[in-house]
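Participant: Chain by chain, the residues:
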Amino acid sequence: MTNHKPGTGQYDWILITIAIAFLSLIFYIPAINVFYQAFKGGVGPFLNNLGRPDFLYAVRLTVSLAAIAVPLNVVFGLCAAWAVTRRRFRGRALLLSIIDLPFSISPVVAGMMLILLYGRQGWFGDWLQRHGLNVIFAFPGMAMATIFVSMPFIAREIIPVLEECGKEQEEAAKTLGASSWQTFWLVTFPNIRWALLYGVILTNARAMGEFGAVSVVSGNVANETQSLPLFVEETYKQYETEAAYSAAVVLAILAMVTLVLKAFLERRTQAK
Amino acid sequence: MQEVITRPRKSSLKLPWAWQLTIGYLTIMLLLPVSAMVLKASTTQPADFWRIAVSPIALSTYDVTFTTALIAASVDGLFGTLIAWVLVRCEFPLKRVVDASIDLPFALPTAVAGLTLATVYGDKGWLGGLLALLGIKVAFTRLGVGVAMVFISLPFVVRTVQPVLEELEVDVEEAAWCLGATPWQTYTKVILPRLFPAILTGVALGFSRAVGEYGSTAIIASNTPFQDLIAPVLIFQRLEQYDYVGATVIGSVLLGISLLILLVINLLQSWSRKYD
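As you go down the protein sequences, you meet chains F and X in turn. For the first sequence, the numbering used here gives the first residue as 173, with consecutive numbering after it. For the second sequence, the numbering used here gives the first residue as 5, with consecutive numbering after it.
Be a bit skeptical, because a hint or two may be false.
Not everything, but these chain F residues come out facing chain X in the computed CB check (under 10 Å) [claimed, not checked]:
1) Y200
2) N245
3) P279
4) L369
5) I373
6) E382
7) S387
8) T413
9) V429
Honestly, the hints are just simulated from the structure, not real lab data. Predicted model only: the values in this text are computed from it and were never measured. Beta carbons: idealized from backbone N, C-alpha and C, even for Gly.
Can you make the complete structure from the sequences, with help from the hints?
Facilitator: Here it is in structure tokens:
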């Protein structure tokens with residue numbers, strides 16, 4: 173028997189089988205199970221669950237949270253990426269680490285930080301109470317928790333692209349008399365739009381799916397502060413497994429759309 | 005700052021605007037909350053801090069969290085490397101779908117992951133039922149926490165190893181083959197040393213994610229103290245009891261270790277850059 177030449181692969185099928193078997197155990201079987209559990213009683217009960225007022229409320233809340241967190245994080249991500257790539261300055265590496273920090277903080281700890289700030293005994297607790305404002309166990313706290321955990325995605329995607337395309341084009345535009353906005357929309361934006369969209373998709377998936385941080389600051393009251401992921405957990409805990417899986421299917425479809433868009437965008441940026 | 009002043013007018017108008025927004029947003033959304041916790045932790049009496057940080061229940065949650073996360077991340081280190089290899093070097097049907105599916109844990113909310121893993125690995129579940137015949141209980145035990153951690157950490161290993169593997173030239177392996185190396189020798193002496201920093205980085209990233217994970221792990225566990233209670237759940241329980249000092253101390257320990265891992269990851273990455 174001769175040596176196995178690299179790249180041709182005579183034992184490939186063994187490796188492929190192991191890889192697919194592992195992925196099936198961890199990913200595919202659980203993913204199929206979400207749909208199986210939701211539809212095993214037929215489409216009728218599934219649709220009934222989707223008509224529940226507390227479910228519809230949870231969907232609205234989750235969409236509202238994403239509708240606030242995503243645009244704010246887009247603006248921040250663009251500014252931060254611009255700031256980091258367009259000037260060399262001391263402490264640049266530190267700023268990059270700070271932008272990435274939310275990924276290293278456990279979501280539960282992130283929620284706890286917000287309680288320490290805005291909770292009854294928190295820094296701003298007295299002030300908020302005197303003005304009759306509720307942040308913790310209310311929408312603003314949930315929005316801030318969502319923003320916190322999904323903050324770095326956009327800057328992270330845009331920074332490498334901005335770094336690669338350099339600032340010569342922008343400087344040329346400026347020399348030719350373009351205003352700052354013209355330079356951004358006509359020169360910078362076309363370069364970063366796919367990276368931006370990629371970042372938006374990741375931010376949105378995280379914003380809609382966040383559980384830990386939101387759970388800490390929400391109080392989890394149905395029809396008030398219960399987002400879709402919290403609805404999944406709560407109904408499951410209350411032995412309303414069917415309702416839990418009906419909501420889970422909605423989130424799983426969101427996940428599949430995210431993955432398809434992500435793969436599409438990756439191919440698009442790689443093709444360049 | 006000095007640089008700003010010396011710049012021509014035109015660009016100096018724009019720079020502070022983007023900068024102000026970046027700094028302001030970071031301060032309000034990130035630095036302020038972080039300092040609230042740091043201050044709370046630093047105003048706690050050192051003796052109290054230590055007493056809470058090393059209380060038996062806290063120690064048991066560190067054990068469950070860190071040991072389980074380390075095992076889960078190592079399992080992913082092995083299988084994640086294998087999956088990255090298969091995705092880069094092999095051809096098979098639906099490869100593109102498999103590749104895209106690796107990011108499932110980034111896209112699927114962790115509550116859904118916990119829910120379906122708890123069902124599939126439960127006593128009556130598709131896989132849990134089979135394992136129950138062998139006397140292995142997964143859901144609502146520490147093993148279940150491990151399965152959830154394996155789920156959420158896998159993409160970190162695959163996505164860190166994959167690009168390094170793609171850049172690895174086949175000619176080096178061909179040279180090894182021409183010189184009479186067996187596939188095993190080629191793998192252990194040529195490929196593995198080059199991949200090793202990436203594998204370690206991926207494992208560290210996955211470990212760091214698994215340590216902080218709350219959603220999937222809390223749902224699949226029974227959250228019984230001294231058995232499968234993880235540190236993030238303990239923090240959550242302390243907050244529910246309005247024990248903010250207790251929550252802060254355990255949160256600080258968790259954050260401190262996360263930052264330590266971050267440092268290790270940065271060192272690993274500068275180590276792997278030596279091969280570029």
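Participant: Confirm or reject each hint.
Facilitator: Going down the list of hints, with the structure as the test:
{"no.": "1", "hint": "Y200", "verdict": "holds (8 Å)"}
{"no.": "2", "hint": "N245", "verdict": "holds (9 Å)"}
{"no.": "3", "hint": "P279", "verdict": "holds (6 Å)"}
{"no.": "4", "hint": "L369", "verdict": "violated (15 Å)"}
{"no.": "5", "hint": "I373", "verdict": "holds (9 Å)"}
{"no.": "6", "hint": "E382", "verdict": "holds (7 Å)"}
{"no.": "7", "hint": "S387", "verdict": "holds (7 Å)"}
{"no.": "8", "hint": "T413", "verdict": "holds (8 Å)"}
{"no.": "9", "hint": "V429", "verdict": "holds (9 Å)"}
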